[in-house]
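Turn these sequences into a full structure, and let the hints steer you where they fit.
Residue numbers (the working numbering), protein chains in the order written: chain A, 286 to 613; chain B, 286 to 613; chain C, 286 to 613.
None of these hints come from the bench; they were simulated from the model. Be careful, since some hints might not be right.
Because identical chains cannot be distinguished in the list, a pair is counted as satisfied if it fits within a single copy or across any two copies.
To be verified - Quick list of in silico lysine-lysine cross-link-like pairs, DSS-like style, CA-CA up to 25 Å:
#1 K567 / K601
#2 K377 / K330
#3 K548 / K515
#4 K567 / K515
#5 K382 / K515
The residues making up each chain are set out below.
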Amino acid sequence: MALRLGAIVEALGGELQGDPALSIERLAPLATAQADALSFLSHPKYQKELVASKAGCVIVSPAMRDAAARRGAFIVTPDPYLYFARLTQLWKQSHAKPEGARIHPSAVIDPDAQIDPTARISALCVVERGARIGAQTVLKSRVTVSEDCIIGARCLLHPGVVIGADGFGLAPHQGAWVKIEQLGAVRIGDDVEIGANTCIDRGALEDTVIEDGVKLDNLIQIGHNVRVGKNTAMAGCVGVAGSADIGANCTLGGGAIVLGHLKMADGVHISAATVVTRSILKPGQYTGMFPIDDNAAWERNAATLKQLHALRERLKALEKSAMQDKPS
Amino acid sequence: MALRLGAIVEALGGELQGDPALSIERLAPLATAQADALSFLSHPKYQKELVASKAGCVIVSPAMRDAAARRGAFIVTPDPYLYFARLTQLWKQSHAKPEGARIHPSAVIDPDAQIDPTARISALCVVERGARIGAQTVLKSRVTVSEDCIIGARCLLHPGVVIGADGFGLAPHQGAWVKIEQLGAVRIGDDVEIGANTCIDRGALEDTVIEDGVKLDNLIQIGHNVRVGKNTAMAGCVGVAGSADIGANCTLGGGAIVLGHLKMADGVHISAATVVTRSILKPGQYTGMFPIDDNAAWERNAATLKQLHALRERLKALEKSAMQDKPS
Amino acid sequence: MALRLGAIVEALGGELQGDPALSIERLAPLATAQADALSFLSHPKYQKELVASKAGCVIVSPAMRDAAARRGAFIVTPDPYLYFARLTQLWKQSHAKPEGARIHPSAVIDPDAQIDPTARISALCVVERGARIGAQTVLKSRVTVSEDCIIGARCLLHPGVVIGADGFGLAPHQGAWVKIEQLGAVRIGDDVEIGANTCIDRGALEDTVIEDGVKLDNLIQIGHNVRVGKNTAMAGCVGVAGSADIGANCTLGGGAIVLGHLKMADGVHISAATVVTRSILKPGQYTGMFPIDDNAAWERNAATLKQLHALRERLKALEKSAMQDKPS
Chain A
286 MALRLGAIVE ALGGELQGDP ALSIERLAPL ATAQADALSF LSHPKYQKEL
336 VASKAGCVIV SPAMRDAAAR RGAFIVTPDP YLYFARLTQL WKQSHAKPEG
386 ARIHPSAVID PDAQIDPTAR ISALCVVERG ARIGAQTVLK SRVTVSEDCI
436 IGARCLLHPG VVIGADGFGL APHQGAWVKI EQLGAVRIGD DVEIGANTCI
486 DRGALEDTVI EDGVKLDNLI QIGHNVRVGK NTAMAGCVGV AGSADIGANC
536 TLGGGAIVLG HLKMADGVHI SAATVVTRSI LKPGQYTGMF PIDDNAAWER
586 NAATLKQLHA LRERLKALEK SAMQDKPS
Chain B
286 MALRLGAIVE ALGGELQGDP ALSIERLAPL ATAQADALSF LSHPKYQKEL
336 VASKAGCVIV SPAMRDAAAR RGAFIVTPDP YLYFARLTQL WKQSHAKPEG
386 ARIHPSAVID PDAQIDPTAR ISALCVVERG ARIGAQTVLK SRVTVSEDCI
436 IGARCLLHPG VVIGADGFGL APHQGAWVKI EQLGAVRIGD DVEIGANTCI
486 DRGALEDTVI EDGVKLDNLI QIGHNVRVGK NTAMAGCVGV AGSADIGANC
536 TLGGGAIVLG HLKMADGVHI SAATVVTRSI LKPGQYTGMF PIDDNAAWER
586 NAATLKQLHA LRERLKALEK SAMQDKPS
Chain C
286 MALRLGAIVE ALGGELQGDP ALSIERLAPL ATAQADALSF LSHPKYQKEL
336 VASKAGCVIV SPAMRDAAAR RGAFIVTPDP YLYFARLTQL WKQSHAKPEG
386 ARIHPSAVID PDAQIDPTAR ISALCVVERG ARIGAQTVLK SRVTVSEDCI
436 IGARCLLHPG VVIGADGFGL APHQGAWVKI EQLGAVRIGD DVEIGANTCI
486 DRGALEDTVI EDGVKLDNLI QIGHNVRVGK NTAMAGCVGV AGSADIGANC
536 TLGGGAIVLG HLKMADGVHI SAATVVTRSI LKPGQYTGMF PIDDNAAWER
586 NAATLKQLHA LRERLKALEK SAMQDKPS
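Structure (structure tokens):
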């Protein structure tokens, strides 16, 4: 199952310095790679690890050419991390094992669902009436795609994903709640990846929309009528409330919360565990997170925080008093 | 599949001004509705959208009657949002497609489970020994109801829900953990809705209790021996730790965390991403959330926050010194 | 199904004061226990409840012997909570109902998976090619164990768990994302418990590792190449980003977030809803959480927080000015 260096550069490009016949048995990080492994240097700050690595070959940027040359074989490419990504794909293809049935017999597919002949549906999935699954899309095990929801081409849905459960729509009435039936669906574009146990709710009247190239990690909640713009990526445990309109090429860190009925422009980056409480119309990095501290220090500061407005008033009073004391 | 305006007011009440024979093909928001659509005005602040809307008919409150009359057909009702909720239910009923088997053949039902003849169990559900499912309750696909757990009438459990997994009970012993078997179960009342992939753990000795009319969104965690009072609603990604006792008619915003062994009175409202660290015995709105800011501003403020207690001490010292400087 | 007190102390030890023939019908908390119930006092602060309890017998520490003696039968043991934990296990064994098939016929097991003959696989699980499940390990319903992942002995995986979905690995390229195939797997040690709908991702090149005795609650996300050290416990809704290296005997409170590529020493305790943004190399308790307040107070303090750095500058200026005003 090895790949020769020559075959790798033939498939992926890059300039090889070293023996094209060298056999690569595995891909490995610099620190643990041995002579049979191919590794990569993603960032110049790891140069020390490059020098110390026992890897049979390393992928480096032009700037690292000299450092790499001092230790053995290397492949030069403008973006080693991208090259590495493509190499993992090549590796996976070369090591692919025979696949079973295209639609696993344990999957429950409604006769009125439309599944492209090149899609794969794994064990114990549910695809309901009116749902559509596009070309080369893969549903891993135990995915639910509910009524009338549409998944584009080349998508990958990991186990436990739920597409198209009812949005959380309720009208208050005499102390109880009256359900608002969710009459919309979910539309997911092409090249979307959705992590394990992530949920995307169907819309109330119109559809929830996930545009092309969006990448969602595990355990994310997307509320009804949200729009997630093209190529936006969200880390695990993010929650997005209903009708949030998130632009393209945004990133959301793990555990971030986005409130409903607000707008995020293209290119907005939200740090982990940050709560987006208002529209953000300017690209940039935004954060709101209580800094971690040892518990005793935190207790003191948190207690003071509850008096912060009062402290400001006291500071103002002091300033005013100091002004008055100044000799005129 | 259209509904005439006359049939709608016959079913739901309200005062129709306009042609009862007008055929409604869809429900739609004001902004996108066309002449074949029925829309609604939930709040006077959207009056501008009302005027601009091309909807065939709109549902409005008495205060909006004049504004509505200037543009075409309308239905007057005291609470348009509630009317809209009921309309979505009417719409769903009118458009219902034939249902399959009451218990999907792929569901795994223990012979010692009791399922009301009017309940529906969808594909790939698991209902264990001793579990009971009430009248007209619906389990969507891939729901687990564990041993001895009870679900009331007219409940709706979305895909991936887990009722009655073990609570997180551990006794520390010599650096390791000894499991506390969870001998209680989960009891869920009537008219409860539970969102996709939400988990409600079984009790340690007594039961975890979800009272009538509770509404839980997706990806919520309810720990063992929690009580959630009647008609309380929780948005997505909320976590409630063991033995929390939450009153009736509370709301919890998305991503809120409730610590264990505390009490929340009836009518307590917790903002999104807020951590409830102590009992709250007075109704009201409570919040604890770091405000979002651009990252550079956040960094400065967060760094200062770690010195906040010290700043207070410095302020105190200044105040004391200023007092001493005052002429007596 | 009752157990006599004599049988209990014979199995679990402890010093019984009272009638060994007394029949225990249930285990119950002090507050609700009746004469047929066995209860326990976990902490001296509940002594008042001990005195008031109607329990047939209570488990107490030596320090509580006198208080317990004033009310009836009791068992003395150095650690009542540990004793209670073992009692729940004894109780569960004594009340065990006949088990069905060792591997439920609805489970989908790849012929190239290795499952120990003493393991149990419940309904609608998926165990993929190359996966290994150790002795006496139990998979509850609807668990997925993906290709090549390894689960040790005596583990318990609750419904909806996903082991070995792809880690979230993406290389940016021209505004879109290129997938990094995840070529590692997940290795889980012995005596690990994993809560409902929790996800543990497979590694990018090397494996994600969960060491012996780790306890994970529900709805937790563990990213690729994380290491969780021996006997570490995490409460619900925790998120751990990729390549975090978490030591042994740590605890993480509910909703905590751990960022990636950082290290936590052994014995680090993180409070609920706290974000670990940097390595923590010293054992201890760490917290970062905005304190909850009534909403009006929070609004004032949060608004001031956004000017905190400026306030500090103003305080500094005042201090400087006060120093200059001092008579030299």
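Hints that the structure is at odds with (numbers, increasing): Result: hints 1, 2, 5 break, sorted rising.
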